[in-house]
Amino acid sequence: MSLALRGLRRSFGPAQALRDIALEVKGGEFVALLGPSGSGKTTLLRILAGLDFPDQGEVRIDDQDMAQVPARHRRIGFVFQHYALFRHMTVFENVAFGLRVRPRSSRPHEAEIAARVRRLLERMQIAELERRLPEQISGGQRQRVALARALAIEPRLLLLDEPFGALDAEVRKGLRHWLRALHVELNLTSLFVTHDQDEAMELADRVAVMQAGRIVQFDTPARILDQPANGFVAGFIGQAQRFAGRLTPQELVFDGIPLAPLPRHRLLGEAAAPGAGQGPAEAFIRAHEWRATPGPGNAVLTSARPAGGRVQAVFALGDSLVEAELPPGLLEPGEPCQLDPLTARVFLAEAPFAAP
Amino acid sequence: MSPRPAIAEPRWARIFLCGLALLLLALFLLLPLAAVFTEALRRGWGPVWQALSDPDAIAAIELTLLVAAIAVPVNTIGGVAGAWCIAKFDFPGRALLLALIELPFSVSPVISGLVWVLLFGAHGWFGPWLQAHDLQIVFALPGLVLATLFVTFPFVARTLIPLMQEQGRSAEEAAATLGASGWQTFFRVTLPEIRWALLSGVLLCNARAMGEFGAVSVVSGHVRGETNTMPLHIEILYNEYQFVGAFAVAALLALLALVTLAAKALLERGGPRGSLAA
Numbered sequence: 002m003s004l005a006l007r008g009l010r011r012s013f014g015p016a017q018a019l020r021d022i023a024l025e026v027k028g029g030e031f032v033a034l035l036g037p038s039g040s041g042k043t044t045l046l047r048i049l050a051g052l053d054f055p056d057q058g059e060v061r062i063d064d065q066d067m068a069q070v071p072a073r074h075r076r077i078g079f080v081f082q083h084y085a086l087f088r089h090m091t092v093f094e095n096v097a098f099g100l101r102v103r104p105r106s107s108r109p110h111e112a113e114i115a116a117r118v119r120r121l122l123e124r125m126q127i128a129e130l131e132r133r134l135p136e137q138i139s140g141g142q143r144q145r146v147a148l149a150r151a152l153a154i155e156p157r158l159l160l161l162d163e164p165f166g167a168l169d170a171e172v173r174k175g176l177r178h179w180l181r182a183l184h185v186e187l188n189l190t191s192l193f194v195t196h197d198q199d200e201a202m203e204l205a206d207r208v209a210v211m212q213a214g215r216i217v218q219f220d221t222p223a224r225i226l227d228q229p230a231n232g233f234v235a236g237f238i239g240q241a242q243r244f245a246g247r248l249t250p251q252e253l254v255f256d257g258i259p260l261a262p263l264p265r266h267r268l269l270g271e272a273a274a275p276g277a278g279q280g281p282a283e284a285f286i287r288a289h290e291w292r293a294t295p296g297p298g299n300a301v302l303t304s305a306r307p308a309g310g311r312v313q314a315v316f317a318l319g320d321s322l323v324e325a326e327l328p329p330g331l332l333e334p335g336e337p338c339q340l341d342p343l344t345a346r347v348f349l350a351e352a353p354f355a356a357p
Numbered sequence: 008m009s010p011r012p013a014i015a016e017p018r019w020a021r022i023f024l025c026g027l028a029l030l031l032l033a034l035f036l037l038l039p040l041a042a043v044f045t046e047a048l049r050r051g052w053g054p055v056w057q058a059l060s061d062p063d064a065i066a067a068i069e070l071t072l073l074v075a076a077i078a079v080p081v082n083t084i085g086g087v088a089g090a091w092c093i094a095k096f097d098f099p100g101r102a103l104l105l106a107l108i109e110l111p112f113s114v115s116p117v118i119s120g121l122v123w124v125l126l127f128g129a130h131g132w133f134g135p136w137l138q139a140h141d142l143q144i145v146f147a148l149p150g151l152v153l154a155t156l157f158v159t160f161p162f163v164a165r166t167l168i169p170l171m172q173e174q175g176r177s178a179e180e181a182a183a184t185l186g187a188s189g190w191q192t193f194f195r196v197t198l199p200e201i202r203w204a205l206l207s208g209v210l211l212c213n214a215r216a217m218g219e220f221g222a223v224s225v226v227s228g229h230v231r232g233e234t235n236t237m238p239l240h241i242e243i244l245y246n247e248y249q250f251v252g253a254f255a256v257a258a259l260l261a262l263l264a265l266v267t268l269a270a271k272a273l274l275e276r277g278g279p280r281g282s283l284a285a
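So the sequence lines, in the order shown, correspond to chains A and B.
Each residue of the first sequence is one higher than the one before, counting from 2 in the numbering used here.
Each residue of the second sequence is one higher than the one before, counting from 8 in the numbering used here.
Any given hint might turn out to be false.
Label-pair distances were calculated between CB atoms; the ranges are [what the hints assert, rightly or not]:
id, chain 1, residue 1, chain 2, residue 2, range
1, B, Val117, A, Glu111, 55 to 61 Å
2, A, Gly39, B, Phe133, 35 to 41 Å
3, A, Arg119, B, Leu104, 43 to 49 Å
4, B, Phe96, A, Gln65, 44 to 50 Å
5, B, Gly85, A, Pro37, 57 to 63 Å
Rather than coming from a laboratory, the hints here were simulated on the basis of the structure.
All residues carry an ideal CB built from backbone N, CA and C; glycine is no exception.
Please build the complete structure, drawing on both the sequences and the hints.
What follows is the structure, given as structure tokens:
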């Protein structure tokens, strides 16, 4: 299985949901489409499934153009955000649906259907629910039924729209690992949509970060974290705080906040290179990239709460609040200190849109 | 102090309001119904039986059932199709279609009858052509059916649209990704999910189809034993001071309506729970 998207565009009236999407997914990959709501993730997923159609561009699966292939002939499994189970059918019938609607020539016998459905339900660890109706089972169980139903057609590509969105945190954590294991075990190729960066980073082999209808970066979680392609990715991923500033030939000068300038060699990102130009810029600093020195200085600790061996602290710098991680016991709330960034990811404000 | 629900009204207010509602119900709904049956049975079962076995009465009953038997299935199919279009698709003119579906509710029944006379009557648009081909629509069964169809069209569609809109399209989309064709999706997914609402709409439609007076009165021509439905027959008997006969037929009509409503209530109660066993 291979998936290739080229030049996909889609508008809804004046709103451009997708602008020039290109993406290549290899067989066996687990890919996350990550972005804030309204970035076009779900539209992209629906186009892949044949539930929506692009204004321009092409979708190729196994090098076959999908434009003329209706949803029902694509053999793409789709797990809907709210599962879209058939309310009037038992769990068993929901899962069997994809087999029962096949044309008679390729429809398995009743015994074969039953065996396949039961095998799937067992794999999803919900064999005992087969006679229940969707309204009689929990959210996590519905999720598994929806997955079993999608897998029953032996899809060449599995699409999941916010697969954990409607579940509570506890169930979500458990299902994540389980889904990842299932993906490997069944040798699936999967794409899932999420707005939760932890989910994307933890589950996916590669993450496509979407912003306003474009894929701004498509890479492994580690590289997205280390080398965000632009300010949007840097701000969206890894809990970084954004600061406005200016790049001079020697250093990054912060605007509107009493932070000491950072010399160029301490900066990260493309704008940090010596010949990268100068001008207005945005800088992203993560919570662990700060150093606080007790004593009179530019900041005052306003609050602190323990978090796993470190302390999550909030400092007041002039009119701004800065979040930073500290070693425990360094400062008490109300104490002044000197707060300095160790590094920053810097992007020039008028940097051209980075291609993935 | 005994614990009370936060929204509880004072006791006297509850008794007063419930009593008032029951009183109005009895006065405006039960009393007339009871009056119909008492009037009919005033002189015992004999005259009732006589009135009902009169050839004209039998013809009226048969005609009423025939008209309903045609109008209800047609409007069921049309109503499901209309509701399906409106709830599951976006297309230009969707709002217009919705307004059209509700049109018969907002137009006076007299007009609903009159339009057919204007179209197909002897002096209507298609009248000469119909006469030339020896086709009778107005003052005959086709006219009665058309008028009934028009008046009762909204019942099925109006019952289904809110439900189908609430259910959304995702079940149909899921069916498509699973390989179902349009027909398979409709018969295996859409229709079963609306079945209880559909039954309720069909029964309402039936009740109205049998009971419609205004529109039918205009197109009927009141030919006794031929184009009189039950409501028209009742009116004629009444105008001729045959009160027992009028009330006997009226009681039968009311009974048909009551049976329909009872069936609807029974289905609604058994519906969602009954589906669990299915």
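Cross-check of the supplied hints:
1. Between B:Val117 and A:Glu111, the C-beta spacing of about 58 Å keeps the proposed range 55 to 61 Å intact.
2. Checked against the hint of 35 to 41 Å, the pair A:Gly39 and B:Phe133 fails, with Cβ atoms roughly 55 Å apart.
3. As the Cβ distance of A:Arg119 to B:Leu104 is approximately 45 Å, the hint placing it in 43 to 49 Å holds.
4. Evaluation of the 44 to 50 Å hint for B:Phe96 and A:Gln65 yields a failure: the beta carbon distance comes to about 28 Å.
5. About 44 Å separates the C-beta atoms of B:Gly85 and A:Pro37, a value inconsistent with the hinted range of 57 to 63 Å.
Checked against the numbered hints given earlier, the structure breaks hints 2, 4 and 5 and satisfies all the rest.
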